[in-house]
Amino acid sequence: MRQDHIISAKQLSRADIETVLDRASDIASDPGAYADRHPNALLGLLFFEPSTRTKMSFSAAIKRLGGDIVDMGPVEYSSVKKGESLADTVRVVEGYADALVLRHPSEGSAKMATEHVDVPLINGGDGAGQHPTQTLLDLYTIRENAGLDDLTIGIMGDLKYGRTVHSLAYALTNFDTRQHFVSPDSLKLPRNVRYDLHEAGSSIKEHTELDDILPSLDVLYVTRIQRERFPDESEYREVAGQYQIDAGTLEAAKDDLTVMHPLPRVDEIAYDVDETSHANYFQQAHNAVPVRMALLDMLLGGDQ
Amino acid sequence: MTDDRQLRVSKIENGTVIDHIAGGQALNVLAILGIDGTAGEVVSIGMNVPSDRLGRKDVVKVENRELSQSELDVLSLIAPAATVNIIRDYDVVDKHLVERPDHVTGILQCPNHNCITTEEEPVDSRFEVLDDGVRCEYCDTIIRENLAAHILV
Ligand SMILES: [Zn+2]
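Sequences listed follow chains A and B, in order.
So for the first sequence, our numbering puts the first residue at 1; every next one is plus one.
So for the second sequence, our numbering puts the first residue at 1001; every next one is plus one.
With the rest of the complex left out, here is chain A:
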C-alpha cells in the first residue's frame, strides 16, 4: 500500500485492509521490533473537538515507533479562536510535522485539508462523516475473533449519526459478510450509506428488534444512542431501553458471539456482559495502538 492520506474507509481495498491488519498483528506480536522505526518522526495532532481516546492512542502509537507528537492543544487557546481557517491551520502545521491527524466537527473537513497539504493526513473523525482508523481497528478485532469471511454481523444503535458504523459497514463490503442493521426507525442508516452499500453489491437487512437476528450473529457491534438526538428525555428513554443488552440477552446468542463497541458506553451494554466470553470492547480499544502504529509506519515510509 502506498496511500498519501487516509480519509475514508471507502478508499481502502481488501488488499489495503489486509496489509494494514497483517502489519498490525506483526507489531502486536513483537512491539519491540518496531521501537526505533521512526526515531525522528513528528506527528501533528490537530484536534478541533475533544477526543481523548483517539488522541491518546495516536500519541501512544507514534511514541512506540520512536517518534513524538506536536499538538495544537485545545481550540480555545489556538489561532482558530481568532478566526483562522482550517485550510490555513493545516498549511502552517504541515511545516512542523511529518504526518497529521485531523479531528474536526465538519463533514468533509479531512478531504478539504488534504487539498492544502503534502504530508500524509489521517482523518481522525470528521463530524458524522468518516473515522477510517477506527474501522481498521474494528476490522482487526473482528478478524482476531471471528475472521472476516463468511461472517454474519449485527450493527446496532445509532446508525444515522454513527460515523464508525458508516465506515465499518462500507469496509465490510470488501469481505464475504452478511450485515444486519438494528435501530429505531428514527436512527436508521442514512441514504448515502445505503447507496454505497447497494453500489458495492451488498445486500443489507434492516431491523428494529435484535431478537430477530441475534441467534445467527457471529459479531454484534453496539453503538451508543445519544440523548441529544431526541427532542425530549422520555422519548429517548423509551427508545434507548430497547437497545440495551445484558448477559441475559446474550443467552440467545451463539457461544462464540463477539460483542464490540467503539466506546465510551453509557448503559447500552450492562456491566454483567464484561464477565462473559462475549465481551471484546476493551481488547478492541487496546487494538487501536498496534493498528495505528501499522498505519503510521506505512504512511511514514516503513515499506522502503
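No incorrect hints appear here.
What the simulated footprint calls covered on chain A by chain B, stretch by stretch (three residues with Cβ under 8 angstroms from a Cβ of chain B suffice, anywhere in the stretch; the number is not a length):
1. 84–93
2. 107–120
3. 125–136
Hints in this document: simulated from the structure, not taken from any laboratory.
Please read these numbers as outputs of a predicted model, since none were measured by experiment.
Ideal Cβ positions, reconstructed from N, Cα and C, are used throughout, including at glycine.
Mind docking chain B with the ligand on chain A? Use the hints.
Frame of chain A, contents of chain B with the ligand only:
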C-alpha cells in the same frame, strides 16, 4: 416541422434557444441561469408545448446571452434532454445537446449545514453526478429532488 415553425414564430437575432426542456421545468432553467428579467434581458418562454419527443416540452429563448459550459452542465441536471441553439444574426451557429458531466463544481450548495463546503473556507462545493441525483464529494450527502433549490447564487 413543429420545431421549425416555432423557431420561426419568434426568431431572435442573437442569444440562446433552449429547447426540449421537460414540461414544467422552464422556470427552474431560468433560475439556474440566474435570469429573472431584472437585468432587462428579453426572455420568451413556451411551456407545455406539444412535442413528438417528449409529449410536452418547454422552450426558453434568451436574447443577447450565450450559455457557458458550466451553465450547460447544471442545465443538464434538470433538463437532460435539452438542446441548446446559439443564435447569431438570426442563424443557428452552434447546436448542442447538453451532456451530463461527471462532476459539477461551485454550482450547487450542499444542503448539509455541517459540511465543510458551507463554511468560510477556500473550497468550492463539488458534486458527483449520479444517475438520479448528485452527491457531495466532501460529505457524501445525496440530493435527488429539486436540484434547482440548491443552486448557488
Ligand atoms: Zn457536503
